[in-house]
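Asker: So the chains spell out like this:
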Amino acid sequence: MEYVILSLTLLMFGIYGLLTKRNLLKTLISIEMIAAAASMNFVVFASAVGNGLGQAFLMLALSVDTAITAIVIALVLMAYREQKILDIWDLSKLREK
Amino acid sequence: MFTYEDIFAMFLLVTAFLALHLKNVTHAVISFGAMFTALSVLYFSLGAPFAAIFQLVVAAGTIAVFFLAGEMLTPKNEKPQGFRSKALAVLVAVAFSVPSIVLNLETGTSTFAHDLTFRSALWEFRALDIAAQGVVILTLALGVAMVLKERKKEER
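Read top to bottom, the protein sequences are chains A and B.
For the first sequence, the working numbering begins at 2 and goes up steadily by one.
For the second sequence, the working numbering begins at 590 and goes up steadily by one.
Rather than coming from a laboratory, the hints here were simulated on the basis of the structure.
A quick note: this is a predicted structure, and the numbers were derived from the prediction, not measured.
Hints may be right or wrong, so weigh each one.
What the hints assert, rightly or not - Partial selection, computed: residues in chain A whose CB lies under 8 Å from chain B:
{"no.": "1", "residue": "I6"}
{"no.": "2", "residue": "M41"}
{"no.": "3", "residue": "Y81"}
The C-beta atom is built at its ideal place from N, Cα and C for all residues, glycine as well.
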């Protein structure tokens, strides 16, 4: 099993979702996937050299990632509540107001 | 023959692809949660138990928030997605998982290898980062509390 190729495939799925999906939550899921693929490499390479630094980096990266996700979900909910927007292209409407 | 790691890698990619492909956001979020679980199992198999547990705990919180948001934002009169479309998505994801299972990259031996435990890596190398992150998360929590308080004041 090759973990690097696995993380590359996951990264590819994330980029595919980011480019093709217009739903705001799906876009956020795609970004999370890209983050998960990147974080996976920390653990994979750290386990290859046999030290715990990769796990420490993963913990730090995941904490930041979760905080960002919380903020973005709050923004998505606010956009929906104020403007009934769920489509990422419709976000430009906010600029006109 | 397939090892359990191969099966979880395949499961990871299938659930990741379904999370993007499923039209119903709630179903997509459930699939996304399954993806995080598979990722956690793979971390455990890589010999990183702390990362596995942390990933699982963080994912549980993230998925709960995603689930609530998905439930709130899914229209009730949505057209159901056909079985053929879902099956095709699974097949595509399985096809994409084949290279990671079959291929084997020769990486050679590392000269960087040294025994650094998780605890010493965390507290000796990244102690400042952890303190800074604590401040950031505390600020976030305080910000949320202040926004909620302001809103309550406005409602009155």
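Asker: Report the numbers of all earlier hints that the structure fails to satisfy, in ascending order.
Answerer: none
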